[in-house]
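Chemist: Given next are the chains, with one letter for each unit.
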Amino acid sequence: MTAASAPTSAPAPGTDANAAAAQQPLLEIDGLTVEFATLRRKVKVLEDVHIQVGKGEIVGLVGESGSGKSVTAMSVMGLLPDTARITGGRIRVGEHEVSAKSKRQLRSLRGRDMAMIFQEPMTSLNPVLTVGFQIAEVVMEHQGAGQGKAMARAAELMKAVGIPDAARRAHDYPHQLSGGMRQRVMIAIAMACQPLLLIADEPTTALDVTIQAQILDLMVSLRDRFGMSILFITHDLGVIAEMADRVCVMYAGQIVEEAPVKEIFTAPAHPYTRLLLRSIPSARHKVDRLETIEGTTPSPHAFPEGCRFHPRCPEMAGRCREPQTFERLNPARQARCWRAREILARLEGSS
Amino acid sequence: MTTGTPSLLRRAAGSDFLLRFRRNRNAMIGSAIVLVVVLVAILAPFIAPHDPERINMLAIWEPPGSDYLLGTDSLGRDVLSRILFGAQVSLIIAGSVLAVTLTVGVVLGMVAGYFGGWAETLIMRTVDVIFAFPELILAILVAAALGTGTVTVIIALSLVWWPGIARLTRSLVLSVREEMFVDAAIASGTPAWKILVRHLLPNIVSPIIVRASVGVGFIIMAEATLSFLGIGVQEPTPTWGGMIRDGLASLRTDPHLALYTSLALGLTIIGFNMLGDGLRDLLDPKVRDR
Amino acid sequence: MTAGAGERPILAVEGLGKDFVVERSLLGSPRAILSAVKDVSLTMMPGETLGVVGESGCGKTTLGRLILRLLDPTAGRIRFDGRDITGLSRRGMRALRREIQVVFQDPFSSLNPRLNVRSIIGEPLRNFGFSEKEITRRVGEVMEVVGLQPDTMTRNPHAFSGGQRQRIGIARALALKPRLIVCDEAVSALDVSIQAQILNLLADIQREFDLSLFFISHNLGVIRHVSHRIVVMYLGRVVEIGPEDALFRHPLHPYTRALIAAVPEAEIIEDRQRVPLQGEIPSPITPPPGCPFHTRCPIARERCARDVPDFVEHQPGRWVACFYPGEETPVVTVDRQREAASL
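Protein chains in written order, with my numbering: chain P, 1 to 351; chain V, 352 to 641; chain D, 642 to 984.
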């Protein structure tokens with residue numbers, strides 16, 4: 001399957017963003033292809049992934065399970081297991097070409113220029129170390145501070161992420177904290193060295209809805225304070241609608257649509273995006289029957305020829321079995337579907 | 352792969368037991384050795400060149416040669432034939448002990464783990480008491496009390512071994528009992544005994560198999576120790592332990608008896624241990640997905 | 642919770658409570674008690690879907706297990722179709738297993754990986770004396786109802802996707818033609834597009850077989866879609882019950898308001914409003930005195946810290962446990978994204 005190179009998309013236009021538009025994007029993933037070695041052969045799990053995140057921008061990476069969104073995040077952080085390998089494209093964070101770096105070089109970048117928070121804070125935190133110490137570790141590692149100074153900074157950070165009674169709670173162990181608190185600790189660890197890029201992989205999925213709202217507010221306030229960029233990975237389109245400036249939709253190891261958040265929700269051009277949005281039950285208004293997508297997500301051993309969504313797509317027609325390139329719909333959005341323009345025109349015509 | 356692995360990579364990995372078995376060196380070599388030992392034990396009557404109990408005072412302490420491939424012992428009996436038949440003895444005893452301990456240990460462990468209450472207390476305290484004794488000493492005491500012979504050895508070793516199986520089974524049952532499909536079975540009206548047999552047992556079998564295959568090595572060693580001490584299976588039946596004892600006295604002049612018997616014993620134990628290690632790698636889901 | 646004219650509720654729960662002892666003193670007397678469910682009363686009419694929603698520690702899962710009698714209540718009564726089932730032993734419940742069934746959350750651990758689909762779905766049938774032939778026939782029948790191919794009944798669960806496994810779980814629940822099915826987070830572990838398939842399926846089978854569904858979920862969108870009436874729980878207690886439409890349009894309890902407002906919606910909403918809640922959900926082992934919600938409630942007053950509000954019928958069909966039901970709560974506008982001029 002030939003990979004098409006996508007033209008670069010500019011960050012969302014707007015008052016703050018005009019300045020950003022003049023700069024290079026902070027995170028640039030360009031044509032990323034990742035292969036996984038199984039017992040029998042190599043399997044491509046990601047193909048030709050393009051994502052850009054400008055300075056201070058929140059980009060949502062959305063997809064269901066098996067779409068490849070977590071693999072993408074791990075590629076950026078250099079956390080892929082040994083059996084997976086980047087075989088194409090490049091990843092740039094700030095001035096660093098991450099894809100070309102060795103493990104040792106990446107380790108110095110991690111925590112300093114780029115940081116990641118995960119879904120299950122209970123398994124990402126060491127249960128036998130106090131939370132204060134785990135935050136202090138990062139400070140000691142990257143800033144060379146002594147333990148006393150680092151612990152003081154840890155308490156400061158815990159306060160900054162909204163943990164009440166921070167100085168005392170720094171001596172607590174992870175199991176003594178609630179889920180929301182643990183996620184705040186994770187964020188404090190990530191923020192310790194004020195990274196340029198924060199990758200958040202399903203950070204609020206395991207949290208209660210009212211706690212989730214607090215954590216999302218926290219993340220945005222930190223972005224406003226430090227001008228940090230966030231790659232926000234999730235399957236929850238509702239969170240994306242409330243958080244992201246721009247959205248990338250992934251399916252079967254590829255990006256299928258990329259657009260500013262307002263446009264993607266009001267007029268989704270790719271059939272997958274559209275069906276996905278219509279299958280979500282809303283708490284605001286009730287529908288009689290939910291739309292569904294026939295079939296299941298393909299396994300990387302058997303990705304369909306051409307457009308990977310075509311066997312399930314209601315708009316399937318002749319050219320769908322050929323390799324798909326990106327259709328540029330406007331300077332800020334594109335979709336991997338040769339019928340995207342037509343679908344968009346139809347949507348706009350009927351509204 | 353741990354729970355943190357993206358589902359996309361887990362799907363790509365798939366699973367295939369036979370393929371992994373072939374690639375696992377421990378499992379392959381271990382099972383090869385075990386297979387050889389078992390075959391030897393079964394075919395001993397057919398492949399042994401001499402009668403293992405036939406005494407020939409004219410050929411005592413013969414060194415390894417064309418007539419007696421591994422030499423003879425103090426009574427002129429062929430060492431090779433005795434080693435082959437000794438394998439039979441070891442495996443029959445090990446097999447019997449395994450059968451008894453697995454039956455008793457698994458049943459009691461399941462009862463203790465699933466029903467709890469006084470049954471659990473009774474069973475687990477018994478287990479604790481037996482564990483308090485050093486294994487070998489207990490086996491010797493039992494054997495001394497019951498007299499010598501194959502059956503005594505089997506009883507003694509079973510008594511020593513079943514608590515370990517029971518304890519393992521109980522802890523496995525405690526964790527599988529919490530699985531949702533057990534609740535689903537209860538909600539479907541399935542009676543308790545059926546839940547134990549259909550739902551719990553098949554899901555706890557793997558670690559027990561691993562423990563059993565490593566355990567065989569220990570059982571064979573324990574039997575050899577007992578016969579080395581003169582307890583257990585008696586002459587003229589050949590036992591590896593007994594042969595090593597006989598050979599030790601003449602180690603400096605005629606090492607072949609002790610040497611080759613020890614090699615046979617050692618190789619057998621290594622084979623079972625390797626098989627056990629290999630099976631653990633293959634069957635334990637936490638180790639397996641690395 | 643008044644019964645309709647002449648119709649008997651299929652499920653009636655009164656003052657139900659369940660305590661777990663989490664810590665004992667050296668002598669064995671309880672030192673720390675977790676009241677997972679406290680003083681819960683509700684009824685369910687035949688053919689309706691009762692949605693039960695709440696966050697961690699609210700007790701909804703425990704409530705489901707109590708109804709299924711997988712747990713023994715420590716207080717209160719449960720009546721199924723008029724019969725008191727509170728004190729029934731395991732054996733006594735067996736006959737009722739035909740009528741009350743369950744679909745669990747995790748499609749991976751709710752099916753025994755060692756059995757094939759026919760054995761899994763057929764297990765309830767086997768327990769009630771169906772012959773092998775009848776089992777095969779019924780399993781095939783029910784597999785078709787849930788959208789699975791009957792000839793796959795010889796396979797093991799790992800050969801199926803998550804959505805299909807959940808269908809197997811539903812088929813198992815349907816096998817004995819029950820009257821009530823408890824769905825415990827039945828769609829929560831599924832991808833959104835699969836979730837929609839299963840929700841449609843549940844709606845279809847409810848209509849076709851006149852089932853009553855006790856539907857537990859933390860997802861308000863899902864709850865709104867499936868439920869006729871909704872029960873909102875917090876820290877082991879019921880705080881509000883009402884018909885789906887009315888409850889979402891005009892929530893009476895401040896927690897219900899905050900919960901509904903906190904759910905992110907997959908659409909662009911100008912001036913999205915939220916009810917800000919301070920602090921964390923209290924631990925159910927040491928619940929606050931008075932109203933359990935008062936520590937986070939934006940309209941809490943003195944009284945709320947002292948007394949526990951009664952659960953009363955505020956309007957016909959609308960029940961709430963609050964001293965100030967229906968009162969306005971302060972709101973903030975959700976404003977997280979940077980302004981972007983649309984093209």
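Don't read these hints as lab results, they were simulated from the structure. Ideal Cβ placement from N, Cα and C applies to all residues, glycine included. Keep in mind that a hint or two might mislead.
In silico negatives: residues of chain P with every beta carbon more than 12 angstroms from chain V [as the list claims (entries may be wrong)]:
{"hint": "1", "residue": "Ala84"}
{"hint": "2", "residue": "His310"}
{"hint": "3", "residue": "Arg312"}
{"hint": "4", "residue": "Ala332"}
The following label-pair restraints were derived from C-beta to C-beta distances [stated by the list, open to error]:
{"hint": "5", "chain 1": "P", "residue 1": "Ala302", "chain 2": "D", "residue 2": "Phe850", "range": "35 to 41 angstroms"}
{"hint": "6", "chain 1": "D", "residue 1": "Phe850", "chain 2": "P", "residue 2": "Glu305", "range": "38 to 44 angstroms"}
{"hint": "7", "chain 1": "P", "residue 1": "Arg289", "chain 2": "D", "residue 2": "Thr793", "range": "22 to 28 angstroms"}
{"hint": "8", "chain 1": "P", "residue 1": "Lys286", "chain 2": "D", "residue 2": "Gly723", "range": "27 to 33 angstroms"}
{"hint": "9", "chain 1": "P", "residue 1": "Arg346", "chain 2": "V", "residue 2": "Phe372", "range": "43 to 49 angstroms"}
Chemist: Now look at each hint and say whether the structure bears it out.
Modeler: Cross-check of the supplied hints:
no., hint, in the structure
1, Ala84, "6 angstroms, violated"
2, His310, "20 angstroms, holds"
3, Arg312, "17 angstroms, holds"
4, Ala332, "28 angstroms, holds"
5, P:Ala302 / D:Phe850: 35 to 41 angstroms, "36 angstroms, holds"
6, D:Phe850 / P:Glu305: 38 to 44 angstroms, "42 angstroms, holds"
7, P:Arg289 / D:Thr793: 22 to 28 angstroms, "26 angstroms, holds"
8, P:Lys286 / D:Gly723: 27 to 33 angstroms, "32 angstroms, holds"
9, P:Arg346 / V:Phe372: 43 to 49 angstroms, "56 angstroms, violated"
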